[in-house]
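Given these sequences and hints, build the entire structure.
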Amino acid sequence: MILLAAALDAVLVVVFAFIGRSSHAEALDPVGLWGTAWPFLVGAAVGWLASRAWRRPLAVWPTGVVVWAATVIVGMLLRAASGQGTAVAFIIVATLTLGLFLVGWRAIALLVLRLRGRRATRTESGDRAASGTSAS
Numbered sequence: 000m001i002l003l004a005a006a007l008d009a010v011l012v013v014v015f016a017f018i019g020r021s022s023h024a025e026a027l028d029p030v031g032l033w034g035t036a037w038p039f040l041v042g043a044a045v046g047w048l049a050s051r052a053w054r055r056p057l058a059v060w061p062t063g064v065v066v067w068a069a070t071v072i073v074g075m076l077l078r079a080a081s082g083q084g085t086a087v088a089f090i091i092v093a094t095l096t097l098g099l100f101l102v103g104w105r106a107i108a109l110l111v112l113r114l115r116g117r118r119a120t121r122t123e124s125g126d127r128a129a130s131g132t133s134a135s
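Position 128 of the sequence shown, counted from 1, bears residue number 127 in numbering that gives the first Met the number 0, the numbering being contiguous throughout.
Do not take every clue at face value.
Said to hold, decoys possible - Computed beta-carbon distance windows for the label pairs:
1) L48 to G103: 20 to 26 Å
2) A79 to L7: 22 to 28 Å
3) R51 to L114: 24 to 30 Å
4) A26 to M0: 20 to 26 Å
5) L2 to L99: 29 to 35 Å
6) R54 to A26: 36 to 42 Å
Don't read these hints as lab results, they were simulated from the structure.
Please read these numbers as outputs of a predicted model, since none were measured by experiment.
Heads up, the beta-carbon is just placed ideally off N, CA and C, and yes, glycines get one too.
Here it is as structure tokens:
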């Protein structure tokens with residue numbers, strides 16, 4: 000689960016970079032995509048370390064929120080340091096998009112797991128009722 004969560008975060012950061020580059024008619028070659036994505040990938044890695052995401056990779060709080068915040072903050076600082084743009088509109092769009100991606104998938108995953116848990120509990124209760132046994 001840890002590797003899957005880390006990979007999903009990385010893929011979503013690359014998707015963010017891809018969407019951004021394509022919406023500005025920039026080249027979608029690997030070098031250009033890497034140039035846009037790397038500051039945010041570093042930020043996501045910092046967020047993983049800061050939140051100790053490997054302990055609870057699906058947690059919205061603190062894992063998802065810390066990974067999101069670090070991705071945006073560190074990503075923007077690295078973009079500025081490397082001479083890339085950090086216009087206010089870009090910061091707003093990046094913050095919202097990365098929040099939707101990095102926190103959103105965790106919220107969806109937790110919802111799915113809760114629904115599965117409820118369904119399993121109901122099924123288990125139904126099985127016990129049908130067989131005439133109790134949980135005690």
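Is the distance from the Cβ of L48 to the Cβ of G103 consistent with 20 to 26 Å?
holds (22 Å)
Quick check on a hinted range of 36 to 42 Å for R54 and A26, using CB atoms only.
Given about 39 Å between the Cβ atoms, the range holds.
Verdict for A79, L7 (Cβ pair) under range 22 to 28 Å:
holds (27 Å)
Using the beta carbons of R51 and L114, state whether their distance is inside 24 to 30 Å or not.
At roughly 27 Å between Cβ atoms, L114 and R51 fall inside 24 to 30 Å, so the hint holds.
Taking 29 to 35 Å as the hint, is the beta-carbon distance of L2 and L99 inside that range?
violated (23 Å)
Taking 20 to 26 Å as the hint, is the beta-carbon distance of A26 and M0 inside that range?
Given about 35 Å between the Cβ atoms, the range is violated.
Hints 4, 5, counting from the list given before, are not met by this structure.
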